[in-house]
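Read top to bottom, the protein sequences are chains A and B. If you count by the working numbering, then the first sequence holds residues 5 to 203, one letter each, in order. If you count by the working numbering, then the second sequence holds residues 2 to 107, one letter each, in order.
One or more of the hints may lead you astray.
[Said to hold, decoys possible] Residues on chain A that point at chain B, a partial pick, calculated with CB under 7 Å:
#1 Y32
#2 Y36
#3 R44
#4 F52
#5 V55
#6 M65
#7 K94
#8 L166
#9 L194
[Unchecked claim] Okay, the calculated beta carbon distance ranges per label pair:
#10 B:E89 - A:L167: 16 to 26 Å
#11 B:T4 - A:K7: 47 to 57 Å
#12 A:Q177 - B:L72: 26 to 36 Å
#13 B:D88 - A:E142: 42 to 52 Å
#14 B:N104 - A:E95: 52 to 62 Å
Derived by calculation from the structure, the hints in this document are not laboratory data. Beta carbons: idealized from backbone N, C-alpha and C, even for Gly.
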Amino acid sequence: MSKMVHFEDWKLVHSYLTGDTESGRKLYENTYEALLCFVRKQCKGAAFSAVDCEEIVCETMVRSVERLDSFNGESSFYTFLCGIAKNVTKEFLKKKSREIPADFEAPAEEDTGVDLTAYLPEYGILPEDYVIRKEDIERVFGAFKQLQSERPEYYDIIQLRLLNGVSYATIAQISGESIEALESRYRRALSAIKKILKK
Amino acid sequence: MLTIERALSRYTDEVLAGNSNGIDGIIKQLPVEDRKEFLESAALIRSLHYQKQMSKFKLVFEKINQRKEELYDSMPRAVDFRGNGDDEAISQIEDIFHEEFKNEDQ
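Chain B extracted, bound-state conformation (with noise of 0.2 Å):
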C-alpha cells in the first residue's frame, strides 16, 4: 500500500515525464479511504502543469506566428486588390485581362 503522500509524488514525477498511463497503478495501491483526496488532487497537478505548459505554448505560438506571418503575410493577396489601392497589381491585372480578352473589346 501506498501513503497518500507518496502516490502524490509519484503521479507528480507521472506527470513531469509525459508519462500517460500513470495514474490508474498508483489508485489500485492506495487505500479507498485515500482515493478520493488523490483524484482531486492528481486533477489540480494535472491543471498546474497545464497551466505551465501553456505558458510555455505561448512563447511557440509567438514564433509560429511570426513565421507565419513572414511566409503568407508578405504575399499579395487577390482579395479586394482593387481596395487595397495597389496600383502595380491592378495595373498588371489589366494588362493580363486585355490581353486575354482583347477581341471581345473590339
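If we strip away everything but chain A, and leave its shape as in the complex, we get (with noise of 0.2 Å):
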C-alpha cells in the first residue's frame, strides 16, 4: 500500500487547487532555485545557457500544473519536478539539435525525498551567524538600491557583475579600467551594503 511521506506538499499543493494561491507561490517558490540547481547539472555539457536552464524549469514548473492533480505526496514536489524537469530538458535537447550527454541519467531512486540542502550545501556550511535569513533579504535589497543614489558607481559594480552576470573583462573592456580595479571596487560595494545594513 502506497504511503504519504510528504504531507507538508501534498498539503500545499491540495490547498492550491482548492484555491489558495499563497500555497501555491509557497510551494513553487521553496523548489524553484533547488530544481534550477537540478537542471544546470542535467545540462551540464550540453552547452546551455542560463537563460535556457531557467527555461527548462519555467516549463517543467508550468507543465507540472496538468498533473497536479495526480500528486499523492508519496515523493517530495521536488522529487515530483525533477521527473519532468528531465523529459522538458531531453526535449530542449532535441529541439536544440545537440546529442543528449552521456552522463545524463535519472535521478536514482534513492534519491526520492532527497533534502533541498543536499542541493544548495553552502547553505549548510555557513556559521549560524553569516547565513543571512530569508526574511533579511529585502533589507539587503533595500541597502543595495540606497547605493543607487548614494554611490552609484558601487551600485553599477553590483549591477553589472552580480545581477547582470556580466564578466569582469567585458566591463573592463567597456570601462577601461583594470579587472583588479574592479574586484577591488566589488569587495568596497559589498562592505558598503554592510554599512548599511549596521546603521
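Join the two chains into one complex using the hints; note that each chain is given alone, in its own frame.
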C-alpha cells in the first residue's frame, strides 16, 4: 500500500488546487532554486546557457500544473518536478539538435525525498551568524538600492557583475579600467551594503 | 593564497553558475584574517542573487497560476454548487438524484 510521506507538500498542493494561491506560491518558490540547480547539473556538458536552464525550469513548473491532481505525497514535490524536468530537458536537447550527454541520467531511486539543502550545501556549511535569513533578503536588497543614490559606482558594479552576470573582462573592456580595480570596487561595494545594514 | 577580492570574484562566478560546492574550497585558500569578511560578503552575494532569482520566479509563477486557472478554475465545483446559483448543475443533480432514488419517493 502506498504511503504519504510528504504531507506538507501534499497539503500545499491540495490548498493550491482548492483556491489558495499563496500555497501555490510557497510550493513552487520552495523548489525554484533547487530545481534550477538540478537542471544545470543535468545540462552540464550540453552547452546550455543560463537562460536555457531558466526556460526549462519555467516549462517544467508550468507543465507540472497539469499533473498536480495526481500528486499524492509519496515523493517530495521537488522529486515530482525533477521527473518532469528530465523530460523537458530531453525535449530541449532534441529541439536544439544537440546530443544528449552521455552522463544524462535520471535521478536514482534513492534520491527520492532528498533534502533540498543537498543541492545547496553552501547554506549548510556557513556558521549560523553568517547565514542571512530569508526575511532579511529584502532588507539587503533595500540597502543595495540605497547605493544607487549614495554611491552609484558601487551600485553599478554589483548590478553589472552579480545581477546581470557581466564578466569583469567585459566590464573592463567597456570602462577601460583594470580587472583588479573592478574587483576591489566590488569588495568595497559589498562592504558599503554591510555598513548600511548596520546603521 | 587568494586575495579577498579574487575570492569574492570567484565565489560570484560560482553562484552565477549555480555551483553549490563553491565556498568551501575558496575559504581554505584565504588567509584566516580575511575569512570573516569573506563569509559576510558571501552571504550578501547569495542574498542579492536570491532576490534576483525570486523576481524571475514571480514571472514564472504568473504563468503557473494562469495555467492552473485554465485547467482547474474553469471546472464546475461540487462545493456549494447551490449557493453559486448554477441552475443547470442543480437541475442535473436533481435529475440524477431522482433517477437513483426514485423508489424511495414513492
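Outcome of the hint check:
1. Restraint check, A:Y32 versus chain B: the minimum CB separation of about 6 Å is within 7 Å; hint holds.
2. A distance limit of 7 Å between C-beta atoms decides the matter here; for A:Y36 the minimum to chain B is near 5 Å, and the interface restraint holds.
3. The interface hint given for A:R44 is met, as the beta carbon of that residue sits about 4 Å from the closest beta carbon of chain B, less than 7 Å.
4. For A:F52, the suggested interface contact is broken, since its CB lies about 11 Å from the closest CB of chain B, more than 7 Å.
5. At its closest, the beta carbon of A:V55 sits 10 Å from a beta carbon of chain B; the interface hint therefore is violated under the 7 Å criterion.
6. For A:M65, the interface hint holds, the least distance from its beta-carbon to any beta-carbon of chain B being 5 Å, beneath 7 Å.
7. At about 20 Å, the closest approach between the beta carbon of A:K94 and any beta carbon in chain B exceeds 7 Å, and the interface hint on this residue is violated.
8. Satisfaction of the interface hint for A:L166 is found here, the shortest Cβ-Cβ separation to chain B being roughly 6 Å, below the 7 Å cut-off.
9. Hint on A:L194 holds. Least Cβ distance to chain B is approximately 4 Å, under the 7 Å limit.
10. Take B:E89 and A:L167: their Cβ atoms lie about 53 Å apart, and the range 16 to 26 Å is violated.
11. Distance hint check: the CB atoms of B:T4 and A:K7 are about 53 Å apart, consistent with the given range 47 to 57 Å.
12. Judged by the Cβ atoms, the range 26 to 36 Å given for A:Q177 and B:L72 is violated: they are separated by roughly 48 Å.
13. In this structure the hint that B:D88 and A:E142 lie 42 to 52 Å apart at CB holds, the actual value being about 48 Å.
14. Evaluation of the 52 to 62 Å hint for B:N104 and A:E95 yields a pass: the beta carbon distance comes to about 55 Å.
Of the numbered hints given earlier, the model fails hints 4, 5, 7, 10 and 12; all others are met.
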